[in-house]
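Chemist: Produce the complete structure using the sequences and hints provided.
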Amino acid sequence: MLAGSPSTVSNCPDIGDVDITISMLEAVGCEVERDDATVTVNPGTLDSSRVPIRFSGMNRIPILMVGPLLHRVGEAFVPLVGGDDIGSRPIDYHVDALSKMGAEINLTEAGLEAKATHLRGAHIELPYPSVGATESVLLTAVLAEGRTVLDGGATEPEVIELALFLQRMGARIELRPNRRYIIDGVTELNGASHKLAGDRIEAFSYLVAGLITGGEINVHGCKQDRLVTAISTLSGMGAKFTITDDTVSARADSLSPAAVETGTHPGFMTDWQSPMVALFTQCDGLSVMYETVYENRFTYVPALNKMGAEIETYSTPLGTIEQQQRFVGSSTPCSVIVRGKAPLRGTDVVVPDIRGGFAYVLAAAAAEGTTTITGTHHLDRGYNRPIENFKALGLDIERIQVPSA
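Residues 1 to 405 (the working numbering) make up the sequence shown, in order.
Calculated from the structure, these hints are not laboratory results.
Even glycine gets a Cβ: it sits at the ideal position worked out from N, Cα and C.
Any given hint might turn out to be false.
Distance condition first, Cα-Cα at most 20 Å in a straight line; then the derived EDC-like pairs of lysine to aspartate or glutamate [unchecked claim]:
| no. | residue 1 | residue 2 |
| --- | --- | --- |
| 1 | K240 | D253 |
| 2 | K341 | E295 |
| 3 | K100 | E113 |
| 4 | K195 | E216 |
| 5 | K391 | E261 |
| 6 | K341 | D253 |
| 7 | K195 | E161 |
| 8 | K341 | E310 |
| 9 | K240 | E216 |
| 10 | K223 | D246 |
| 11 | K115 | D96 |
| 12 | K306 | D348 |
| 13 | K391 | D14 |
| 14 | K306 | E368 |
| 15 | K115 | D151 |
What follows is a list of derived Cβ distance ranges for each label pair [unchecked claim]:
| no. | residue 1 | residue 2 | range |
| --- | --- | --- | --- |
| 16 | S254 | R34 | 41 to 51 Å |
| 17 | G236 | G57 | 37 to 47 Å |
| 18 | S23 | D253 | 23 to 33 Å |
| 19 | L393 | R147 | 42 to 52 Å |
| 20 | V402 | L318 | 32 to 42 Å |
Modeler: If you want it as structure tokens, here you go:
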């Protein structure tokens, strides 16, 4: 959207969120071509400032479109953001950053309205290293007049990949120590081509699929540097890894329990949490998971208990002292204790969100009997052809059509 010529992104996954994003780009006038895993976006035909209300609640992408729309059209409307129901994910950080750069923001019941005749650089300090807010600042600051200094920004590999893509387009971005970004605005950007790096959430999830069933899965296309913390954590539990320049595989005869705490990069990723809890059900002894990023990420636990898991939830933080203040006063669980070697059994479950859905498939793969999982559209939104991949790995899994009421 920011460039003066088309851009091409290759190695795009076949997931619902890509489809939704393409539809939103087309809705504001961009021409988008998709050829298997390659997506080309021509922003030259962009002629609308409004993302239609029909996209309300679908995912978190609309808020990222505000800065580019302001640069291109001078105004923007984006509907209410959505995505998985994993706790409060306010857009305050986005709004504050955009306002500091000169945007006039009006929040309505339908969404966010913004206007700006002139965007300028600013000093922005994020109270928490939010991935989305950092991306918003980068997407807005690259064409803003003057220098933007962002302190407290996120440094997840996906954020760095966005910064590198913008730099390839002609942006002037520098990453300093202590989560500081320096962005000097330029007058124009050119289209660029980029091949997406491997999805570390998907890679970890499939590594766990092998471990939870006593097998071994060789993951291609996601390099070791994106999985450092995951590999270290699983190695500490007894997993043995084989790693090459292009592949990672893990195996284990037995796994010890662990105490794991999610966190911002380079910590243990919050999106690895639910597959790991599913794996805990098959480890020896008691394991602990403490969630510090989202306040409502254990909605999948009741279904795992229904399958025979022994998981206790706590609203008390069971983690390190420096993280204990993040969700003070919240009544939702932030910690779980999992008793290992639970004999799982098949049953009927409903998927609450993307990652929880994958945890259900993992538990079903390790369970005795048949499990029926409803709500698999969540899986399709976040994983590349998951049913096909599991079938190719030897899991007896079928997609069925449920008659409408």
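Chemist: So, against the hints stated earlier in the document, which numbers end up violated here?
Modeler: Result: hints 2, 4, 5, 15 and 18 break, sorted rising.
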